[in-house]
Amino acid sequence: GEDVEQSLFLSVREGDSSVINCTYTDSSSTYLYWYKQEPGAGLQLLTYIFSNMDMKQDQRLTVLLNKKDKHLSLRIADTQTGDSAIYFCAESITDDYKLSFGAGTTVTVRA
Amino acid sequence: NAGVTQTPKFRILKIGQSMTLQCAQDMNHNYMYWYRQDPGMGLKLIYYSVGAGITDKGEVPNGYNVSRSTTEDFPLRLELAAPSQTSVYFCASSGTVNSYEQYFGPGTRLTVT
Numbered sequence: 014g015e016d017v018e019q020s021l022f023l024s025v026r027e028g029d030s031s032v033i034n035c036t037y038t039d040s041s042s043t044y045l046y047w048y049k050q051e052p053g054a055g056l057q058l059l060t061y062i063f064s065n066m067d068m069k070q071d072q073r074l075t076v077l078l079n080k081k082d083k084h085l086s087l088r089i090a091d092t093q094t095g096d097s098a099i100y101f102c103a104e105s106i107t108d109d110y111k112l113s114f115g116a117g118t119t120v121t122v123r124a
Numbered sequence: 860n861a862g863v864t865q866t867p868k869f870r871i872l873k874i875g876q877s878m879t880l881q882c883a884q885d886m887n888h889n890y891m892y893w894y895r896q897d898p899g900m901g902l903k904l905i906y907y908s909v910g911a912g913i914t915d916k917g918e919v920p921n922g923y924n925v926s927r928s929t930t931e932d933f934p935l936r937l938e939l940a941a942p943s944q945t946s947v948y949f950c951a952s953s954g955t956v957n958s959y960e961q962y963f964g965p966g967t968r969l970t971v972t
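Heads up: the protein sequence lines correspond to chains A and B, in order.
Under our numbering, think of the first position of the first sequence as 14, with each following residue one higher.
Under our numbering, think of the first position of the second sequence as 860, with each following residue one higher.
I should point out that these hints are in silico values taken from the structure, not numbers from a laboratory.
Hints are supplied without guarantee of correctness; some may be wrong.
[To be verified] Here are the simulated lysine to any residue pairs, SDA-like style, with alpha carbons at most 20 Å apart:
id	chain 1	residue 1	chain 2	residue 2
1	A	K111	B	Y923
2	A	K49	A	R73
3	A	K111	B	Y890
4	B	K868	A	E27
5	B	K903	B	V971
6	A	K49	B	G899
7	A	K111	B	D932
8	A	K49	B	T864
9	A	K111	B	G917
10	B	K903	A	Q57
11	A	K111	B	L904
12	B	K903	A	N65
13	A	K80	A	N65
14	A	K49	B	R968
15	A	K111	B	N924
16	A	K111	B	S908
17	B	K903	A	G53
18	B	K903	B	A941
19	A	K81	A	I62
20	A	K80	A	D67
[Unchecked claim] Label pairs and their in silico Cβ distance ranges:
id	chain 1	residue 1	chain 2	residue 2	range
21	B	N924	A	Q70	41 to 49 Å
22	A	Q72	B	P920	20 to 28 Å
23	A	T94	B	K916	38 to 46 Å
24	B	P867	A	G95	37 to 45 Å
25	A	D29	B	P898	25 to 33 Å
26	B	G899	A	S40	20 to 28 Å
27	B	K873	A	Q70	30 to 38 Å
28	A	S40	B	P867	22 to 30 Å
29	B	P920	A	E51	22 to 30 Å
30	B	G875	A	A124	45 to 53 Å
31	A	L21	B	T970	17 to 25 Å
Here a beta-carbon is modelled for each residue, glycine too, at the ideal position from N, C-alpha and C.
Looking at chain A on its own, in the form it has when it is part of the complex (with noise of 0.2 Å):
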């Protein structure tokens, strides 16, 4: 099965908070990340989160690591139709370049 897991699909209204999770594997994942997928055009860094970390705000975006469980959460807080796009949590390893990707949230908002 895949390393990383994420739901595939998350619908909500305009101007609520949108929750997005994932979960991996590996528990020597280092870095944590999430990155946004608009439509026709490649992904770009949202934000990330070091493995020692259990929360990062930046912004309308609240990360939260559960590292005992192995679940990274992504809240964007006062969801807008520029939010629509796909969410991609990934994982890497120090020292590791490469890096481990979920197959995506696809989150539409709804005015």
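Given chain A, put chain B in place with the hints provided.
Just chain B now, kept in the frame of chain A:
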């Protein structure tokens, strides 16, 4: 800076044909990567390079070849295209081994019929 550029944006190949997907970056990054993205799947690493003259296989290298003669360019070669190679191909680069960000190109959508 243009970042990571890829050509072509779209391509249709017949089974058995060959082609080269071009990738270039102007950020002087040592690390470059080729991924494929299939519907409903995460990105899979095809090949990567840690510097000019050095390449290595990723998870799904069969049917592909790469070269890295310069820091800037990292072309991906498909020999004898097969329908299973229908996918969206992304090239990416990063600056150092601990660089937390990979910069992605816009992708090449390839259909093999």
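Structure versus earlier hints, numbers of those that do not hold, lowest first: Violated hints (numbers, rising): 4, 12, 22, 24, 27 and 28; every other hint is consistent with the structure.
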